[in-house]
Amino acid sequence: MSTPEPTPNQNSNGWAKPVDKLKVSAPPKDAVNLNVNGRHLSGLTHGFGQLWQKTYRVLISEIEVTPQAVIEIWKANFPKFWPEGNNLYVPLTGIQPGEVGLINLTAPGGLKLSTGIMVIYADDVSFSFMTPEGHMFAGMITFSAYEEEEGTFAQVQALIRASDPIYEMSFRIGFGHKSEDDFWSATLKNLAQHIGVANPQPTQTNSLIDSRMQWKEWRNIWHNAGIRSGLYMPVTMAKKVFTKG
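Per the numbering used here, residue 200 is the first one in the sequence shown, and the count goes up by one each step.
Since the hints were derived computationally from the structure, they do not count as laboratory data.
One should not assume that every hint holds.
Claimed, not checked - Below, simulated DSS-like cross-link-like pairs (lysine-lysine); rule was C-alpha separation at most 27 Å, straight line: (1) K274 / K216; (2) K253 / K388; (3) K311 / K228; (4) K311 / K274; (5) K220 / K274; (6) K311 / K388; (7) K377 / K253; (8) K253 / K311; (9) K222 / K279; (10) K311 / K220; (11) K388 / K279.
Using the sequences provided together with the hints, build the complete structure.
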């Protein structure tokens, strides 16, 4: 089998080419496009809060399926496995290194939180996202599949810290962590059921890697996607009213 040629946004080794600022390519009309265009990627060194490694996984043991097949299905249907009311809009090329996706999440109070991701790596058994400035987390999240004695596992592993003091506060009171844990557990359950597992049982392990906060990054509040999405919400509602009229 010949190796596919890399796209203009990726290197031949599966990694995305470095970029200075992110750009969303032709998002759908019904998507809220905020907090991504012109933003820089936000790695762990630029986050504010405690550093966590969170691992969620599900055993796909009721049917025979290879890790490669799991990842192929996952890439092709990625947003469909998210909990209802949340979406990821990616270019027609799909989940490929260098592509930028626009995320619309359902938040409390009817808020549609708009943020995004960049695909920084992808191969036949894994793919990884990195977050932009203003996202809830600074860091990266990796989706993978692998085999053990019990069978094939699908896994989500996040190495993240809250982007700013407001997000960190939500995690300290429990809301942020619970929302994140519920989100990825539901995603893995939906993936496994789609593949054919009758009663999937996702598990998770949360490890605090660094309890310190990076106080020098408190200014990240300026890019907070939740605040900016909330300020934009009246504009979104007005557009819907005038469009219907």
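Okay, the hints, checked on the actual structure:
no.: 1; hint: K274 / K216; result: holds (20 Å)
no.: 2; hint: K253 / K388; result: holds (17 Å)
no.: 3; hint: K311 / K228; result: holds (15 Å)
no.: 4; hint: K311 / K274; result: holds (24 Å)
no.: 5; hint: K220 / K274; result: holds (24 Å)
no.: 6; hint: K311 / K388; result: holds (24 Å)
no.: 7; hint: K377 / K253; result: holds (12 Å)
no.: 8; hint: K253 / K311; result: holds (25 Å)
no.: 9; hint: K222 / K279; result: holds (23 Å)
no.: 10; hint: K311 / K220; result: holds (23 Å)
no.: 11; hint: K388 / K279; result: holds (12 Å)
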